[in-house]
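Protein sequence lines correspond, in order, to chains A and Y. Read in my numbering, the first sequence has 80 at position 80, and its numbers run on one by one without any break. Read in my numbering, the second sequence has 245 at position 245, and its numbers run on one by one without any break.
Since the hints were made in silico from the structure, they are not lab data. Treat the hints with caution; some may be incorrect.
What the hints assert, rightly or not - Selected chain A positions facing chain Y (in silico; Cβ < 10 Å):
{"#": "1", "residue": "I206"}
{"#": "2", "residue": "E207"}
{"#": "3", "residue": "L212"}
{"#": "4", "residue": "R213"}
{"#": "5", "residue": "G214"}
{"#": "6", "residue": "R217"}
{"#": "7", "residue": "A226"}
{"#": "8", "residue": "R230"}
{"#": "9", "residue": "A234"}
{"#": "10", "residue": "R241"}
{"#": "11", "residue": "I245"}
Unchecked claim - Looking from chain A toward chain Y, a few residues come up when the C-beta cut is under 7 Å (computed):
{"#": "12", "residue": "S208"}
{"#": "13", "residue": "A211"}
{"#": "14", "residue": "L283"}
{"#": "15", "residue": "K286"}
{"#": "16", "residue": "R289"}
Ideal placement from N, C-alpha and C gives every residue a C-beta, glycine not left out.
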Amino acid sequence: MSSQQDEAQGTLLLPGDSDRRGWGTAHGHHGELLQGVFEFAGSLHRGLVTLPCPIMSTEASVVVTEETPEWTVHPPWKTKALLAARATADILGEKAGGAVSVQSNIPTGFGMGSSTSDVTATIRAVLSAFGGTLPTDRIARIAVEAERAADPLMYDRMLLFAHREGLILEDFKVRMPRIKVIGFVARPEPIDTLALAPARYSRWEIESFRALRGMLRRGAAEGDVAALGRAATASARLNQRFLPIEHFPRLLQVTEETRAAGIEVAHSGSVAGLLFDAADPNLAGKTDRARRELLRIGISHTWEFFTDGDDERLPDS
Amino acid sequence: MSAFRIRKPFTDVVDSAVLPRLIHLSGDLYAAAFQLMKLLPAQFVLQRALEQGQLTERSTVIETTSGTYGLGLAMVCRRLGLPLILVGDTAIDSHLRRRLEALGARVSIVSGQAARTGGIQQARLDRVERIRARHRSPFTPGQYDNTMHANAYGRVAELITESFPQVDALICPVGSGSSSTGIAGFLRLLWPDLVLIGVDTPGSVLFGAPNGRRRLRGLGNGLLPKVLDHSLFDEVHWVPAGDAFAMTRRLHADHTLFMGPTSGAAYQVGQWWTRHNPGGTVLAVMPDEGHRYQRTVFHDAWLRREGLAGVETPREPTEIAHPGDLEDRWSRYAWRRRTRDEVVDLRAAVGTR
């Protein structure tokens, strides 16, 4: 899927490095159950609910260099992680610099949160190196400042998150229910998330997000995967006007035929997934059928995971 | 980060009343009971117009209505400190008129004389135009033409999707078409198979039936509103005034739910649909409360004077082959998500009677 994995290497220990070191990790996501515009405290905000993808993750390690305030990152193109490391040290009031090393299996340009995952893992690694702590909301704001828009990967629960502001629009106060996802690439070309113009929603679309939000709220509170799936399908459908998936009508057909709970897409990325209730007694039958149906429409490369981290098959590159 | 949300006072009377209460009636039948449904689009459309600068503090709001939309506008305009002129006709309910005026609205009545030339609706629209010409910054919400009215119902759809795991059928009294078009349009994004049943009344032209006098105000329309999206409807019922009034009384007696006559019409269709489609959740939209109708629908002497006392609601509607065949009785037509032209043309193709 990508070559970045090879480029990222483990921490190199050089003479003169201190023994202050830290380590941090963060998972990726698999697109959004919902993305749109939502009311919060009387005004509208762009926001999203990400679908966590625990099989995708980033590890960051930090070695503090006492004698110089400089920060470096490896691989060097992970500049957002560098910004985040510097910002975190500043907030902690630390004068020392450090060497950050980031290793991730999350491909970039697929809308899987590679950048936020790098940044979050880095912030956690810096915190652990200096023995500091920060509230999760503060970590989210550092990530947004470093990236301009960040996914809520630093939180362990379902949120409606204003990704450009680092603001929680609604806290569903539960972990994502256990969902089985069959993932695949729905758009062949990688996408530069930040270069995408923000979707200009019509008033009807803006108001329709309320109905989706209501259903998601119910799905979260009741652990109702069918409700989450319906909301995700509707969100994907609304997103078609902005970043269309070529075979969307056929994918909707597959969703229906395989009795999946829904279909979920990366609203500014390439991946999509069929969602299944992990507690469904006929789960294996449904997912087998789904793989066959996807194959029939030309999607041969799929991967699978559970949203709570009980991973099965990794996407093979 | 508390594990529960505490209840807080509403910050505004309008806010306290815009959303319906969702109430289980019996079996599979639920009501979405509004105190005053029209408050929601009134608030929404004026807020959007303020945001977009079409409405400023120097504006005068001018609208034609003799009904609850006027009351909604009067409440919202009062809260916003905006002058409001409502154009009605002589059929306006005197209690409603007093309440509108108590809220600071000016009520301009078009007389029967003015109506004789081009119909009362046209006379009212002409009056609106004349008043607009006299004001520097007039704003007309346009409840029949401005599709923004349907968008107001996103909040209702949110309440429904949060409260029900599934709604199989939605029953909506139709007047301007904004609530049915709004609510069903949003819900279909999530429940594409949701059955939408429109409730109209004989004399209304909304769904292609012959134009005539409507004894049940607030239901149906003599004009075709642009807001109404016919292609959302699976089925249409026409409920006559007598049935609706009897069922409004029944709703109160059976469930202690005290609503207006359009709610009675929705109750009638809701009960029938639930009986014929067991196992699916049915939600009937009930647009306003009963207080305005104490001296009419809830008053035996008035019903007798109108010749509508003791009406026995039929158990079943009359199935009609085409809306053009409608007579003054409860009738049902399978609309099948077609446009109005598609349905009307069916008859034109065969040749008019």
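Going through the hints against the structure:
1. Because the closest C-beta pair between A:I206 and chain Y is about 8 Å apart, less than 10 Å, the hint holds.
2. The beta carbon of A:E207 comes within 3 Å of a beta carbon in chain Y, closer than 10 Å, and the hint placing it at the interface holds.
3. A distance limit of 10 Å between C-beta atoms decides the matter here; for A:L212 the minimum to chain Y is near 7 Å, and the interface restraint holds.
4. A cut of 10 Å between beta carbons decides the hint on A:R213: the least distance to chain Y is about 6 Å, and the hint holds.
5. The beta carbon of A:G214 comes within 4 Å of a beta carbon in chain Y, closer than 10 Å, and the hint placing it at the interface holds.
6. Against a cut-off of 10 Å between C-beta atoms, the interface hint on A:R217 holds, since the closest Cβ of chain Y lies about 5 Å away.
7. Look at A:A226: its Cβ gets to within about 8 Å of chain Y, closer than 10 Å, so that hint holds up.
8. Annotation: interface hint on A:R230 holds; nearest CB of chain Y at approximately 5 Å, less than 10 Å.
9. Here the hint on A:A234 is kept, as its CB sits about 4 Å from the closest CB of chain Y, short of 10 Å.
10. Checking A:R241 against chain Y: minimum C-beta separation of about 13 Å lies over 10 Å; hint violated.
11. For A:I245, the shortest C-beta to C-beta distance to chain Y is roughly 17 Å, which exceeds 10 Å, and the interface hint is violated.
12. Because the closest C-beta pair between A:S208 and chain Y is about 5 Å apart, less than 7 Å, the hint holds.
13. A hinted interface residue such as A:A211 counts as satisfied when its beta carbon comes closer than 7 Å to some beta carbon of chain Y; here the least separation is about 4 Å, so the hint holds.
14. For the restraint placing A:L283 at the interface with chain Y, the shortest Cβ-Cβ distance is roughly 20 Å, beyond the 7 Å limit, so the hint is violated.
15. A distance limit of 7 Å between C-beta atoms decides the matter here; for A:K286 the minimum to chain Y is near 20 Å, and the interface restraint is violated.
16. Contact between A:R289 and chain Y, as hinted, is not supported at the beta carbon level, the nearest pair being about 21 Å apart and thus beyond 7 Å.
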